[in-house]
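Assemble the whole structure, with the sequences as input and the hints as a guide.
Quick mapping for you: the protein sequence lines, in order, are chains A and B. Letter by letter, the first sequence follows residues 1 to 281 in our numbering. Letter by letter, the second sequence follows residues 282 to 634 in our numbering.
If you are wondering where the hints come from, they were derived from the structure by calculation, not from laboratory data. Among the hints, a few may not be true.
[Said to hold, decoys possible] Here are the simulated distance ranges between beta carbons:
1. A:F84 to B:S390: 35 to 43 Å
2. B:K354 to A:L257: 54 to 62 Å
3. A:R100 to B:G446: 27 to 35 Å
[Claimed, not checked] Each computed DSS-like pair below joins lysine-lysine, with the alpha-carbon atoms no more than 30 Å apart:
4. A:K196 to B:K353
5. A:K196 to B:K354
6. A:K172 to B:K454
7. B:K468 to B:K451
8. A:K196 to B:K386
9. B:K353 to B:K386
10. B:K354 to A:K172
11. B:K300 to A:K172
12. B:K391 to A:K275
13. A:K172 to B:K353
14. B:K300 to B:K354
15. A:K196 to A:K101
16. B:K300 to B:K356
17. B:K493 to A:K172
18. B:K391 to B:K356
19. B:K354 to B:K454
20. B:K629 to B:K589
21. B:K356 to B:K468
22. A:K196 to B:K356
23. B:K468 to B:K353
24. B:K356 to B:K383
25. B:K354 to B:K468
26. B:K383 to A:K172
27. A:K101 to A:K172
28. A:K196 to B:K493
29. B:K356 to A:K172
30. B:K354 to B:K386
31. A:K196 to B:K391
[Claimed, not checked] Under 8 Å between C-beta atoms, here's a sample of chain B residues computed to sit facing chain A:
32. K353
33. A365
34. L463
Treat the numbers as computed from the prediction; the structure is a model and nothing was measured. Here a beta-carbon is modelled for each residue, glycine too, at the ideal position from N, C-alpha and C.
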Amino acid sequence: MSVQSVKRNKARDRQIIPGFGLSLGLSLSYLALLVLIPLSMIFIYTSSLGWGGFVREISQPIVVSALRLSFTTALIASLINLVFGVLTAWVLVRYTFPGRKLLDGLLDLPFALPTSVAGITLATLYATNGWVGRLLPFKVSYTEVGIIVALILIGMPFVVRIVEPVLQNLGKENEEASAILGASRFQTLVHVIFPKIRPAAFSGFALAFSRALGEYGSVVFIAGNMPFKTEIAPLVIMQKLEAFDYDGATSIALVLLVASFLILFLINFSQWLAKRKFADQ
Amino acid sequence: MSIELRHISKSYGPYQILKDINLTIQTGELVALLGPSGSGKTSLLRVLAGLEYADEGLILFHGEDLTNAPIKKRKAGFVFQHYALFDTMTIRDNIAYGLNVKRRKDRPSKQQIRERVDQLLHLVRLEPYGDRYPSQLSGGQRQRVALARALAIQPHILLLDEPFGALDAKVRKELRQWLRHLHQQVKMTSLLVTHDQEEAFEVADRVIIINKGQIEQIGTPSEVYENPVNSFVYDFIGNVNQVRGTISDGLFTNGSFRVPVDNTEQADGVAFIRPDQFAIRTPDDIQEAGRTLAATVTHIHPSGSIIKLELIGQDEDQNLEVEVTRREFDALALSKNQQVFLEARKVKVFTVN
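Put into structure tokens, the structure is as follows:
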């Protein structure tokens, strides 16, 4: 008997769910039907346009402006989520106060809420005569600020949920060691705590960014959708589809898809780097 | 730098974990704080370091009152049981940390820091590992890094919280001896917390036995081992046989086993006899019948140079443990189920409340 077959039998013996072949086959076909085939269709369809056609589609002024708006608002919103997400995670992990569990539970609401509900609510609240909009000295609804507010809402849980377990595992010993060695609180924060949560916070940021880039439902209500001003890329895709302009729609979709891929790749790569260096095996 | 604690008390809610602790540690001394888990020994160490504050009492470092001083002013080096190394930094950066965070005017130059780190790496014998990360080192190596890091700021005192507790037996033994040598080199006032009496006895100049937040006994290892002041210390330090009996008219009695005691009041008592303080006799050569217990050998552990015997006394529930050297054992030619007589050379009787 060859060495390889012995190894495989051993691996099989340890599995709890029987039927490695069957379960792998199922997962693969499931993944292919739902993810791989639809996504590759975008590539295939766009490649039929040729490089020139693709560039022509995405360099239309309205498309450029929509893509730029989508990228900048997503970036700003996820940066804000990064800062406040880390802060929220810190408060939830390090302090006990009445209602902490409730707050913790509420944080998942943006995941569960239908995005259109969020959009309508925000649009009403932040309208110039809405409850919140009335109090603000500047316009929120139908501006970039409105888009950013919506994107902050839907991206909020990512950073919190990813940083939270890291903070829980951090323990106090590292901070105590730092304090005994003479470091100030600020130094401890910068040199000891931030480096530990940086990979997690970065993952959360990247996921929030990816999500914000493609967000549609919550944004369209508050954005006002004025061409060249508050029209986001996913909306332009919708409009192109409605006008049967599949070339244009898939070209923009491809840009968003590649951006998401790149971000996911960067997250995994940076985590792999961090793990290789100092993770506890 | 000497340390003096006066009337230190501390409670967590209803639990009083430190009760009126008084003790003095001389400059350059290595003292072990020994006690079972939950005895308050770690809390005492944390109060000294400034990680926690005492409810009452005074802490003097070289006569200076630092009871409520912030952590930084105490200049203590602290070594944690689980190392608490910064795992996002290299070993060099870990050791240099305490120097790098100093205020600009106090901070040594980069060159000086590098030299200091080199010296410390040499001291803990980890020169080749400076550029690695803590996760790439073994437990024993990590704890040596933690020690180097604590020493880098030239602390006035060194506090070690169960520093070898997370290591396996062999590494533990090596590190213990190494720490003893290191202490002889640097002569720093040190307080070591441990629940392992072997460790405390091997490393420390003096041992403090602590139980339920109170100091039971302070002394050199041999003082504590030879003359435990009460039944707790007797029981906690090393193996001991306990024979229950009654005290009356200045005599402790269990059957034919009789030992004179100072106490003249009527009371229940327990006689403590160490396993190596029994001589095994045959009926012919019993010297003091009143100090002799009849017993039956139930088990023989022939491991190493000392043979451990388990025996059962005349009362069925009286288990006894005896240690004899291999030479004695061979001369006696003992076997299982054999009836023997145990003559106690040294007995200490405590009354039971």
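Results of checking the hints against the structure:
The supplied range of 35 to 43 Å is met by F84 of chain A and S390 of chain B, whose beta-carbon atoms lie about 40 Å from each other. Here the CB-CB span from K354 of chain B to L257 of chain A is close to 58 Å, well matched to the stated 54 to 62 Å. Between R100 of chain A and G446 of chain B the beta carbon distance is about 33 Å. The supplied range of 27 to 35 Å therefore holds. In summary, the hint linking K196 of chain A to K353 of chain B is supported, as the alpha carbons are separated by about 23 Å, within the 30 Å threshold.
Simply put, K196 of chain A and K354 of chain B have alpha-carbon atoms about 27 Å apart, close enough for the 30 Å limit, and the pair holds. Taking the CA atoms of K172 of chain A and K454 of chain B, the gap is about 28 Å. The hint holds against a cut of 30 Å. Distance restraint check for K468 of chain B and K451 of chain B: the Cα-Cα separation of roughly 25 Å lies within the 30 Å cut-off, and the hinted pair is therefore satisfied. Of the pairs offered as hints, the one joining K196 of chain A and K386 of chain B holds, with about 29 Å between alpha carbons and a cut-off of 30 Å not exceeded.
A threshold of 30 Å between alpha carbons decides the hint, and for K353 of chain B with K386 of chain B the separation of about 16 Å falls inside it, so the pair holds. Of the pairs offered as hints, the one joining K354 of chain B and K172 of chain A holds, with about 20 Å between alpha carbons and a cut-off of 30 Å not exceeded. Distance restraint check for K300 of chain B and K172 of chain A: the Cα-Cα separation of roughly 26 Å lies within the 30 Å cut-off, and the hinted pair is therefore satisfied. For the hint linking K391 of chain B to K275 of chain A, the alpha-carbon distance of about 29 Å falls within 30 Å, and the restraint holds.
Proposed proximity of K172 of chain A and K353 of chain B is supported: the alpha carbons are some 17 Å apart, at most 30 Å. Using a Cα cut-off of 30 Å, the hinted pair K300 of chain B and K354 of chain B holds, with the two alpha carbons roughly 25 Å apart. This hinted pair checks out: K196 of chain A and K101 of chain A have alpha carbons roughly 25 Å apart, not beyond 30 Å. For the proposed pair K300 of chain B and K356 of chain B, the alpha carbon gap of about 25 Å is at most 30 Å, so the pair holds.
Using a Cα cut-off of 30 Å, the hinted pair K493 of chain B and K172 of chain A holds, with the two alpha carbons roughly 25 Å apart. About 22 Å separates the Cα atoms of K391 of chain B and K356 of chain B, which keeps this hinted pair within 30 Å; it holds. Restraint check for K354 of chain B and K454 of chain B: not satisfied, since their Cα atoms lie roughly 34 Å apart, outside the 30 Å limit. With a C-alpha separation of about 21 Å, the suggested pair K629 of chain B and K589 of chain B falls inside the 30 Å cut-off, and the hint holds.
Taking the CA atoms of K356 of chain B and K468 of chain B, the gap is about 16 Å. The hint holds against a cut of 30 Å. Of the pairs offered as hints, the one joining K196 of chain A and K356 of chain B holds, with about 26 Å between alpha carbons and a cut-off of 30 Å not exceeded. Between K468 of chain B and K353 of chain B, the direct Cα distance comes to roughly 22 Å. Compliance with the 30 Å bound is thereby established for this hinted pair. As the CA atoms of K356 of chain B and K383 of chain B are separated by approximately 12 Å, the hinted pair is consistent with the 30 Å bound.
Distance restraint check for K354 of chain B and K468 of chain B: the Cα-Cα separation of roughly 21 Å lies within the 30 Å cut-off, and the hinted pair is therefore satisfied. Restraint check: the Cα-Cα separation between K383 of chain B and K172 of chain A comes to about 21 Å, which is no more than 30 Å; the hinted pair holds. At most 30 Å may separate the alpha-carbon atoms for a hinted pair to count; K101 of chain A and K172 of chain A meet this at roughly 22 Å. Between K196 of chain A and K493 of chain B the CA atoms are separated by roughly 37 Å; this puts the pair beyond 30 Å, and the hint is violated.
About 20 Å separates the Cα atoms of K356 of chain B and K172 of chain A, which keeps this hinted pair within 30 Å; it holds. Only pairs whose Cα atoms come within 30 Å are accepted, and K354 of chain B paired with K386 of chain B is accepted, the gap being roughly 17 Å. With a C-alpha separation of about 25 Å, the suggested pairing of K196 of chain A with K391 of chain B holds against the 30 Å cut-off. Interface hint status for K353 of chain B: upheld, as the beta-carbon distance to the closest one in chain A is roughly 5 Å, under 8 Å.
With its C-beta approaching chain A no nearer than about 4 Å, A365 of chain B sits inside the 8 Å limit, and its interface hint holds. Evaluation of the L463 of chain B hint against chain A yields a violated restraint, the C-beta minimum of about 19 Å exceeding 8 Å.
The structure fails to meet hints 19, 28, 34 from the earlier list, while all remaining hints are met.
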